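Q: One letter stands for each residue in the lines below.
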Amino acid sequence: MVDEPILELRGLNKSFGPVEVLKNVQFSARLGEVIALVGDNGAGKSTLVKCISGTYPIDSGEYLFEGHPVTMHSPRDASALGIEIVYQDLALCDNLDIVQNMFLGRERVRGLTLDESSMEQSAQDTLKSLSVRTVRSVRQRVASLSGGQRQTVAIAKAVLWNSKVVILDEPTAALGVAQTAQVLSLVRRLADRGLAVVLISHNMNEVLEVADRIAVLYLGEMAAQVSRQDVNQQQLIELITTGRLDGARPSPTEANGVPA
Amino acid sequence: MTSLDKQAEATPELESGSEAQERLAALASTVPSASNLGSYLSLYVQRVRGGEMGSLPAVGGLIVLVILFSSVQDTFRGLYNFGNMLTEGSGPILLAMGLVFVLLLGEIDLSAGFAAGVCAAVMVRLMVGYNVAWPLSIGAAIVTGVIIGFVIGLLRAKVRIPSFVVTLAFFLAFQGVALYIVNNGPGQHGDVRITDKVVLAFENSQMPLWAGWVLAAVIVIGYLLIKVSAQLARRRQGLAGEPTSVLAVKIGGVAVGTVGVVYFLSQNRALHKTPTIASNGNGGFVKVFPPKVEGVPWVVLVLIGFFVVWTFLLSRTRYGRHVYAVGGNEEAARRAGIPVDRVRISVFVLCSGMAAVGGIMIGSNVAAVSVANYAGNTLLLAVGAAVIGGTSLFGGKGRVIDALIGGAVVEVIQNGMSNLVQGNNGSAVQYIVTGIVLLLAAAVDALSRRRAGATGLA
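Line by line, the protein sequences give chains A and B.
With the working numbering, letter number 121 in the first sequence gets 121, and the count goes up by one each step, no holes.
Numbers given in the working numbering equal positions in the second sequence, counted from 1, plus 1000.
Among the hints, erroneous ones may be present.
[To be verified] Pairwise CB distance ranges, derived in the manner of DEER restraints: (1) B:Y1180 <-> A:F16: 49 to 57 Å; (2) B:Y1044 <-> A:R108: 26 to 34 Å; (3) B:L1037 <-> A:W161: 49 to 57 Å; (4) B:S1042 <-> A:R108: 30 to 38 Å; (5) A:R106 <-> B:V1256: 40 to 48 Å; (6) B:A1442 <-> A:S118: 37 to 45 Å; (7) A:R108 <-> B:S1245: 25 to 33 Å; (8) A:D125 <-> B:S1245: 23 to 31 Å; (9) A:R106 <-> B:L1271: 55 to 63 Å.
[As the list claims (entries may be wrong)] Below, simulated DMTMM-like cross-link-like pairs (lysine to aspartate or glutamate); rule was C-alpha separation at most 20 Å, straight line: (10) A:K45 <-> A:E62; (11) B:K1227 <-> A:D115; (12) A:K50 <-> B:D1196.
[To be verified] To be clear about the criterion: a stretch of chain B counts as covered by chain A if any three or more of its residues have a C-beta under 8 Å from a C-beta of chain A, and this derived list gives those stretches: (13) 1226-1238; (14) 1323-1334.
None of these hints come from the bench; they were simulated from the model.
Quantities reported herein were computed from a predicted structural model and do not represent experimental measurements.
Here a beta-carbon is modelled for each residue, glycine too, at the ideal position from N, C-alpha and C.
Just chain B, same shape as in the assembly (with noise of 0.2 Å):
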């Protein structure tokens, strides 16, 4: 809070029309408002320093772990590794973007891990063991994930079991049940390898070029439209929007990381490109060129389609307002009639449900479903995600964007690390660093909420 605040605080306002409103109005007029560029910058640090840092640490992380693994190894650098760790991450992160719900409302959902397993070993078992089409396969594993999150909402929100523990249930009781589907029924038994192209596909093929940059054309103008459309709005409304200089600045951004990420894997990033000489069959030689690798993986249209989804649901519709108001005060929140049950079933409906989908890109990157596969830290890594991103483990505070910022912090360190420390302590070591990256995180969300206390902000 500003001294000019405290000020205009101080002054009591007993009758309409008195001086002291001239004064106070006169006050208020004086106070900074976010007219121009300098001005919303200036406003902008004041929050951060309120402790309302957003996605700020994790930004500033990633610059920094990426410069750090760059100029250690090469390997990391090259664009094989980039296209690698966009299909590697999106598991985690699809997975993310539904904790992201459930941890807005400071709940935990600790088996969302396992979850995953389960609806792709339910998909894998139809498709490998009962030759069920693949959409069908994938409804079922979604529509599985669903009723999990169905049975854990009830569990909390109606038996009145702390979340924490009703998942740490799941969280060992779908292990076992994961175990059961991969080594029982039809077809292959413990890794069960995925054949059907399409899963595949999700995680080994690309777009074609083409359909990259349409892609690309579409998230910018789609981008340009909305918040042109909406400044328009506000301007009719005769209500104060951003500055245009704040909007081009953030339309320019985006319409160059879009064209930038879609330039660079655009290019060929195969590791072998050279030529071998073989025999074309009739006594003559050609050159056979290794395939190419180029191209935006499909895997990222279903990051963006669930991102825009999920982004517009939770800030522009009134489900949305609700999960922030029953995360932020659910007396309140009961009090203005929100039915808080029904919200409170719905997020784990949905984080379960994108458990699903990220058990089937994880299975889809390895090709084969094992239960190995969803054990270990990938809830970990996708709670760690969310969190680092910007999520607030205490609830109310958090964005789906948190899920692919701190998604993208927890792969670079994951590949970065892998590829730094070699041998018997490499899972080693990227454990130990996961774990106090995720412990980091953590304790910038509780001293960020201190300080917000402190200063007034939150």
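One chain only, chain A, in its complex shape (with noise of 0.2 Å):
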């Protein structure tokens, strides 16, 4: 179960018109694990994710999930599977609390009227459970809380709704040092929890911190998917530029997103 992944694309294509963005993309998530999406930019990664999420469709390709094929109408289609994206812009409504922000689109009902008390208590436990403390109360207005407190809420929303699947865009992107910390002790307790977690991130030292494996995407192309231990900040660096490694290039079976 563990090595089989719970996402899995094979083979995909994705063009713009005469554009081509993804060539040949093999990509795969397994639970209890953080695999991180990098490539510089116009590599594809926002491309990737959008196929991934529903947003675009695929040309061609096959896309896993739990092993059985699927195909992808709609964001609702994926949210539906399990699969939860934390855009870098947020999607947070600032003049609701957080507890409606949680909720939003999904709320309990009971009857007519909202069953405000008990999505409280879910959203207090699901934060409780996250070791998220750094929120004064659930009642806040997002509009109230900081950079790292938004991120923190817009993560616990997916774990909320039992996902299986996380895709975070850029977490850290507009944080200070502290609460980049804060937000990848998350990313990380979100493995541990049993989540499969695809975390995009131009930050090296962030990405070698907390991802299990790294998938680097170079022009379209996914150029390689190597554990955290194969490779240091250099090589790294070197797959995102180049595209290659020089004189430890990785095998060929790793290249098809299989690693040895």
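Taking the hints as your guide, dock the two standalone chains into a single complex.
A: Rendered as structure tokens:
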């Protein structure tokens, strides 16, 4: 089970008109594992995420979830399967409080009315289970939260909905040192709880700190999927900028998304 | 944000159970929680300072205006005028209730005033020209409003014309449509008189005194039950509720206010109370008393009914939550799977539907439907009422009660100014003052938003 990827893409292709953005991409995510998705600007990271989330339809290739082929028509299909994406711009409503944001679009109702106390209870429990203690009250408006706290709320939302795969798009891009540390420890805890975490990041230190595996996109192709301990920062940067690793080139099987 | 928060933030939280966390938890527990009246008030003051003012400026303004007008003129103070202001202000307030929904999405409906005119014209033409019964005529007027709102909503949500432009176009067109309906068809033309007793009764008749007291009892007991049951539900779940003292103050305030208003409205407020002597036809004489004006005007029932229903919809249902979400962050709402376009269309439907209700009440107040009664500042008074009451023009912030509070401010200004400045320049001054007040409210809205942005509160 551990070795069986929960999410797997095989030979994925995606073009916008004549521009081939993703070429024969292999990608897999496993439960209990943080896989970092890295690559230079324009390498195709965002497009890949949007294909996974169902925002873009794929041109060709296989999309397997829990071993079964699936077709994504919209982001709703992805969330129905348990794939949650935490966007860079967060997608929270500033004028609503934490509970309201965590349940947005999936509010619990009793009869006609919103079941506020049960939602508040669940939100509190979820934050507690993630050892989040920086939030003073779950009835605070999101506008009054710091960047790190907002990121925490967005991630906790994914946990609340029992997601199996959580994709984090540059979660620490706008954060200070302390808040970045908070969010990274939360990312680690997600994987330890048994979720599959896909972390998109530009920050090499951060990737090397929390990732179990690293997938490198280079000009729309999957240059490598390697285990964390098999690369150092130097090699990682080389992979991102040139798409290859001189001297210690990863084996072909690894490049196909099946680490040795 | 307090310094305590910053301190808590700056402490990274790396491993669970670490010393840092214990310290954090200790810090968090020293943050004032709203456990008693004093700390509840201090939290409130903190929120207001952060730019979250709600209806506070409107309530303050209302008190100042009432004191000002009462001190300079006797007629303003009188009970008769109190009842008068209630009925006069009800039309714009009903319009404003609908506008709150549109403003919550950051949209505007400039056509609501003339939409009210069109709907009222439909009603009166059916009643006067075709002898249609009042329930059907009123129903037709409301359906007209709903259709108007649906068309506006479609043009905004699907064709994606900015609501400012769509409703500006309808503002012009509906003036023509209303004119056409009042000037054509069977029956009276131009200034079409309302003769139906029920429609006239809304603004011109009062409930029996006992019914007024029943209404008061229903309001107070209903409010008490809602508040107490919510509190008990939270206690059961082990969640912190409002402090009991705050709850008691709120319920007490509502009770005193309601009983006070009903008490004053139960007095005979007719301007002439002295009887005249008349012949009884048999050579004797009798005292003839002028008709009494006492009791709660029927329109108050309409106001309360809509206030309760819309407040419930906005604050307790999934739909209401979605309205706030779309107004706060449309993209986030869409990603959360909320049908954004449907929500957008629905608020315009609701707004124009309420415009129909408001239009009928304005007609009932002057006992006739003429286009002039819906022209000029009808719409601006309604928008002004909502904004003065604390509903933001930027979307995402507002409540139905804002329409009531702001509507009271607008009506007091209208009424007070028209009595204060008599003569040729009366209406000129009234327009100028209302314009300035609207501008002031919009400025308060914009500035408090900026302040909220600066302090991290919104």
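Q: Confirm or reject each hint.
A: We went through each hint and held it up to the structure:
no.: 1; hint: B:Y1180 <-> A:F16: 49 to 57 Å; in the structure: 52 Å, holds
no.: 2; hint: B:Y1044 <-> A:R108: 26 to 34 Å; in the structure: 29 Å, holds
no.: 3; hint: B:L1037 <-> A:W161: 49 to 57 Å; in the structure: 38 Å, violated
no.: 4; hint: B:S1042 <-> A:R108: 30 to 38 Å; in the structure: 32 Å, holds
no.: 5; hint: A:R106 <-> B:V1256: 40 to 48 Å; in the structure: 41 Å, holds
no.: 6; hint: B:A1442 <-> A:S118: 37 to 45 Å; in the structure: 39 Å, holds
no.: 7; hint: A:R108 <-> B:S1245: 25 to 33 Å; in the structure: 30 Å, holds
no.: 8; hint: A:D125 <-> B:S1245: 23 to 31 Å; in the structure: 29 Å, holds
no.: 9; hint: A:R106 <-> B:L1271: 55 to 63 Å; in the structure: 59 Å, holds
no.: 10; hint: A:K45 <-> A:E62; in the structure: 18 Å, holds
no.: 11; hint: B:K1227 <-> A:D115; in the structure: 15 Å, holds
no.: 12; hint: A:K50 <-> B:D1196; in the structure: 62 Å, violated
no.: 13; hint: 1226-1238; in the structure: holds (count 5)
no.: 14; hint: 1323-1334; in the structure: holds (count 8)
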